[in-house]
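**Q** Please put together the full structure from these sequences, using the hints given.
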Amino acid sequence: MRRIAMKKHRILVLTMILACSASAFAMDVDIRGMLRSYTGLAFSDAAITANEQTVDLTLEGWGDQTRLVVNPYAYIGIGNEPEMGIREAYVDFFLDNADIRVGKQAVMWGQAEGAFITDIVSPRDMRSFILADFREIRKGIPAVKADYFTGPFTFEGIWIPQFVPSSMPAEDSIWQRAIPFPSGTPISFTEPSLHFENSEVFGKIRYFGPRISWEVMGGYAWTDEPFVTRVNINPDSDPTIESIDVNYGRYTVLGGSFSTSVGTTVIRGEAAAYLNKPFTVGELTSPASVTSKEFHQVQSLIGIDWSLFGMDMSAQYILAYIHNHEQGIMEQFRAVPEFGHTVTFRVQKTLLDDRLTAKVFSYLEIDPMNALVRPSLSWNIEDGVILEGGAELFFGDEDGMFGYYHDNSMVYASLRWYF
Amino acid sequence: MQNRRRIWIALAIIGLVILVPATAQISAEMVMDQVYTRPSGQDMQATLHMTITNSRGSTRERSIVQFRKDDGEVEKKIMFFTSPADVRNTSFLSFSYADGRRDDQWIYLPALGRVRRIASDKTNDSFMGSDFTYEDMGARHPSEDTHTLLREENLDGWDVYVIESTPVEPNNEYVKTRNWIIKDEWIGLRKEFIGADGSVVRRLSIESYEKIDSIWVITDMTMNNLAKNTSTRISMEDVSFNNELRDAFFSERQMSRGPRL
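Sequence order for the protein chains is A and B.
At position 39 of the first sequence (counting the first as 1) the number is 39 in the working numbering, and the numbers step up by one without a gap.
Just so we're on the same page, the working numbering is the position in the second sequence counted from 1, plus 419.
Hints listed in this document are in silico derivations from the structure and should not be mistaken for laboratory results.
Just so it is clear, the structure is predicted and the values come from calculations on it, not from any experiment.
Keep in mind that the hints are not guaranteed to be accurate.
Pairs of lysine to aspartate or glutamate residues, derived as DMTMM-like cross-links and limited to a Cα-Cα distance of at most 25 Å, are as follows [as the list claims (entries may be wrong)]:
1) B:K610 with B:E571
2) A:K359 with B:D505
3) A:K349 with B:E592
4) A:K359 with B:D544
5) B:K595 with A:D353
**A** This is the structure we're talking about:
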């Protein structure tokens with residue numbers, strides 16, 4: 001408890017120092033932000049599954065060739081200790097043909113919507129599964145990012161000296177997948193130590209053109225989500241599980257993406273190969289068999305965006321493939337098939353002079369058949385004040401990524417106030 | 420021999436006397452070409468304030484910082500939305516081509532943190548919930564319509580040509596437009612959009628214009644949607660031309676960085 005208070009104190013002091021620095025040294029300072037109240041109600045038992053109050057501030061200070069950005073936030077959820085943090089805090093240096101960004105930053109790559117293929121630089125905040133806002137789902141990472149611009153080409157390099165894992169749902173969260181081990185089994189996490197050889201590096205070449213834009217990327221990364229490497233059995237009291245070893249592993253990624261337009265339709269594509277990526281392998285019914293093994297995995301996406309009757313539409317097909325697949329490959333205790341097929345679909349329409357936006361975004365996993373459908377209506381009450389209502393509907397096979405949460409289907413309402 | 424020469428000269432003079440009035444009668448196409456090619460500088464930047472008034476009289480405000488560059492073949496435009504707060508830092512980049520190719524368009528949404536190419540068939544869609552369409556925010560090429568000179572008259576103290584323009588490609592909002600163009604200055608003073616039933620659907624009125632850096636600029640205009648009883652006023656300030664904007668300014672890099680040069 002004292003540690004949490006100390007941490008909060010440090011965050012506040014850091015924010016104040018950064019704010020004062022911006023005021024003192026930057027020529028121009030801008031403060032903006034958002035307050036959000038969000039309440040979710042489960043269909044299954046009418047339980048209030050979410051009741052969150054969030055304050056998100058962004059302080060931006062400008063010098064002649066520099067920019068300081070600090071993004072602190074505070075959040076209170078159901079039964080949770082209030083959480084305060086700094087999502088991003090970085091300084092930009094703008095040179096003639098190059099930009100350098102130093103500090104805690106969220107990086108967003110790729111062309112996919114609602115999928116993470118080359119967009120793997122920043123770890124994710126998965127505590128609300130994938131329901132968090134697009135920006136909030138990515139965690140800030142301490143990094144140095146450099147972009148060099150020459151004509152339509154950009155060369156980008158990122159060095160991440162300190163490993164930051166994805167945030168996973170708490171044990172008592174409705175988004176936690178059941179761990180197939182006895183409750184209370186000790187779990188031993190091993191995180192990469194703060195050492196130069198444990199840093200992550202990513203690079204990208206981007207071409208921005210009127211007919212087509214494309215990028216090619218590569219990186220040497222850590223798995224941001226943990227995987228089980230071993231289940232330790234007590235041989236004296238068979239079949240007692242003594243402890244579980246959980247780890248993060250290294251892999252190489254190579255990928256790319258493109259976007260182009262054909263008539264009034266935009267075509268997007270993205271693909272990545274994850275080389276020697278570690279997975280948990282084994283039969284959970286036979287814990288002693290559980291181990292980890294490296295595989296090559298490929299994820300690819302093709303998507304189109306178009307308009308019809310004033311509605312913006314988007315469809316994507318995502319293919320995931322594991323080379324030399326074996327029975328028993330798992331990711332977050334979910335079986336990973338050799339081929340995985342997922343389709344997403346979005347339809348969006350603005351009405352009443354852009355005051356009302358109706359939107360449906362859905363994921364459909366083909367095998368096993370399961371889906372997440374996310375209809376929403378947002379009403380712009382006045383400039384900067386938005387009332388939104390919607391539903392998160394989970395359907396289908398419980399072995400699927402989305403069907404597993406069918407008891408979590410809910411309706412929600414949120415009010416956002418931007419300033 | 421000399422007499423024959425004199426006869427030819429006399430005939431030429433008579434011919435000129437007859438033909439000059441005919442050629443002085445300007446055609447509708449020439450008027451619209453003059454409007455389209457009116458000097459607009461190599462590049463331009465301005466701040467636009469948009470006031471949208473609904474049928475009940477309540478208003479919403481929008482502010483945009485806009486930059487434009489035209490090399491004769493491609494018009495590049497980048498717009499940064501600075502208010503209201505929920506759209507602040509959103510930016511929109513478009514390339515329009517003189518050869519009639521479809522525009523290329525991109526949008527940067529801070530919430531997404533990246534630039535996305537967008538479908539460019541929104542020409543008749545409302546621009547930011549206003550009474551202007553995306554098409555109204557750009558210059559329509561004269562070849563996209565056939566033009567007829569209806570009459571010449573006086574409007575607000577100016578001698579104007581009244582031109583009727585009919586789209587070559589059918590338009591689902593209007594069947595034709597009427598344009599009031601100031602003689603010799605080539606500024607549109609009023610524009611009406613005529614619906615299929617012959618009624619005026621929307622009317623654009625120019626409230627003020629001035630010469631900035633020797634270039635005529637419309638600094639205040641209002642679009643009235645007569646069918647919906649709504650209106651949108653756009654006023655421009657901090658207008659400047661020929662700032663030697665680099666091509667690199669109209670890029671992904673600048674979209675995410677904001678309007679600072």
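**Q** Does each hint hold? Answer for all of them.
**A** To see whether the hints hold, each was checked on the structure:
This hinted pair checks out: B:K610 and B:E571 have alpha carbons roughly 15 Å apart, not beyond 25 Å. Between A:K359 and B:D505, the direct Cα distance comes to roughly 18 Å. Compliance with the 25 Å bound is thereby established for this hinted pair. Annotation: proposed proximity of A:K349 to B:E592 holds, straight-line Cα distance about 19 Å (limit 25 Å). The suggested pairing of A:K359 with B:D544 holds, with an alpha-carbon distance near 18 Å, which does not exceed 25 Å.
Taking the CA atoms of B:K595 and A:D353, the gap is about 24 Å. The hint holds against a cut of 25 Å.
The structure is consistent with each of the numbered hints, conforming to all of them.
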